[in-house]
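2 protein chains.
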Amino acid sequence: MLIFKAPEVTVQRLSLYLRALEKLPNNSVLSSKQFSKWIGVPDNQIRKDLAYFGYFGIRGRGYKVEKLKEEIIRILSLNQKKELAIVGVGKLGTALLAYPGFKKDKFQVKLAFDNNPEKIGKTLEGVKVHDVEKIPRLLPRYKVKIGIITTPASAAQYAANKLIEGKVEGILNFAPIRLITPDNVRVKNVDLSMLLEILSFYLSRNYQLDLSDLSLARV
Amino acid sequence: MLIFKAPEVTVQRLSLYLRALEKLPNNSVLSSKQFSKWIGVPDNQIRKDLAYFGYFGIRGRGYKVEKLKEEIIRILSLNQKKELAIVGVGKLGTALLAYPGFKKDKFQVKLAFDNNPEKIGKTLEGVKVHDVEKIPRLLPRYKVKIGIITTPASAAQYAANKLIEGKVEGILNFAPIRLITPDNVRVKNVDLSMLLEILSFYLSRNYQLDLSDLSLARV
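Just so you know, the sequences run in chain order E and R. FYI, in the working numbering the residues of the first sequence are 1 to 219. FYI, in the working numbering the residues of the second sequence are 1 to 219.
Among the hints, erroneous ones may be present.
Same chains, same label: a pair holds when it works inside one copy or across any pair of copies.
For lysine-lysine, the following DSSO-like pairs were computed, each having C-alpha atoms within a straight-line distance of at most 27 Å [what the hints assert, rightly or not]:
| # | residue 1 | residue 2 |
| --- | --- | --- |
| 1 | Lys110 | Lys134 |
| 2 | Lys5 | Lys110 |
| 3 | Lys91 | Lys110 |
| 4 | Lys106 | Lys91 |
Calculated from the structure, these hints are not laboratory results. What you are looking at is a predicted structure, and each value in this text was computed from that prediction instead of being measured.
Start from the sequences and build out the full structure, keeping to the hints where you can.
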């Protein structure tokens, strides 16, 4: 198995590049300067990001949109649909079930779980809610490798443990708690309070904008 | 006005440090090694982050929890409650109105807006829903400096324009679109599809964990 040394900001930017490319006609060719200006990332940074994965464009001619899009989709393993499971169908979990970003061709919520007997057995947004105890059994059956935790903080580690038993490889965690997980399970935390604290820091301050740091624009 | 050169990852980590410190007794003192181990950030990184703001701890004795907490609260401007406005009270917006992280002493949703006549005038989670057209008038009156956009992508730029007219300084954007804003308005995007794409990248791959890059653990 290959070891990828690309830093995660590179992976973030690839996702950003893909989003931008998806808005362009397939048969267009962009100069590296045009592409750079459009997405607000310096030219040499884009080149460096793509070079991690052996993609070097056409020297002097820029990027073929269709080709680059295919490359990034391959790099991000988006060439086949990914199945998701949501644990915790309170308000946030239910909102995510209806989130239009998940309804595209790349990601699909296949399973939902809760520990509330009043919710178990119901169907929300076309997805049946199961007992959390069934996570380890159902996940492999539905080939789910990514779990989304939208439980209260107090239930999040238990949810994570069940997902790990079910052999997930990635967790998107909305609970405001740091999860303990083995090294082979990747966790992304969506910590809304932290995002607000970052905004709070910048209120009424003069700050220097560092364009090379993508996390400024997209975290 | 001071110019802060601290990169945003430093601000992110300060928020993480604060969260960790809040779980400790006020009168405790932590060695820098203990603190480092607990939060999973290298010792010298913590020192560097704090040094940006002139805080150097007690050499050889570590960190006084209460003092450090106060310092970070001051740096992040969290010493007074911040008022928020939510634009778009669909499923996600309504879920955020009920989000417990906003109910603490630091942030409070004061205003909610929508363009749907059936929603305008209603009260959700104790917050009255107003017409989006009233944003520029109501925001200054309620001293709201941070707006949260949970509209569909097609309405997000319009919502941002109204918030900017209302003199917000920070926007937390959940709509999957890149907003155009003036330089003095800070935008944080919560792009759930991007987070899933990052997880997707790491599925079934062997990767090198780079602990110095906080964005790995918390984005």
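Treating 27 Å as the Cα threshold, decide for lysine 110 and lysine 134: within, between, both or neither. Only inside one copy: lysine 110 and lysine 134 sit 14 Å apart there, 40 Å across copies, limit 27 Å.
My question is about lysine 91 and lysine 110: at a cut-off of 27 Å on alpha-carbon distance, are they close within one copy, between copies, both, or neither? Classified as both: same-chain Cα gap 18 Å, cross-chain 19 Å, threshold 27 Å.
Between copies, within a copy, both or neither: which fits lysine 106 and lysine 91 at Cα up to 27 Å? So lysine 106 and lysine 91 pass the 27 Å test inside a copy (24 Å) and across (22 Å) alike.
Under a CA distance limit of 27 Å, which applies to lysine 5 and lysine 110: within one copy, between copies, both, or neither? neither (32 Å within a copy, 45 Å between copies)
Checked against the numbered hints above, the structure violates only hint 2.
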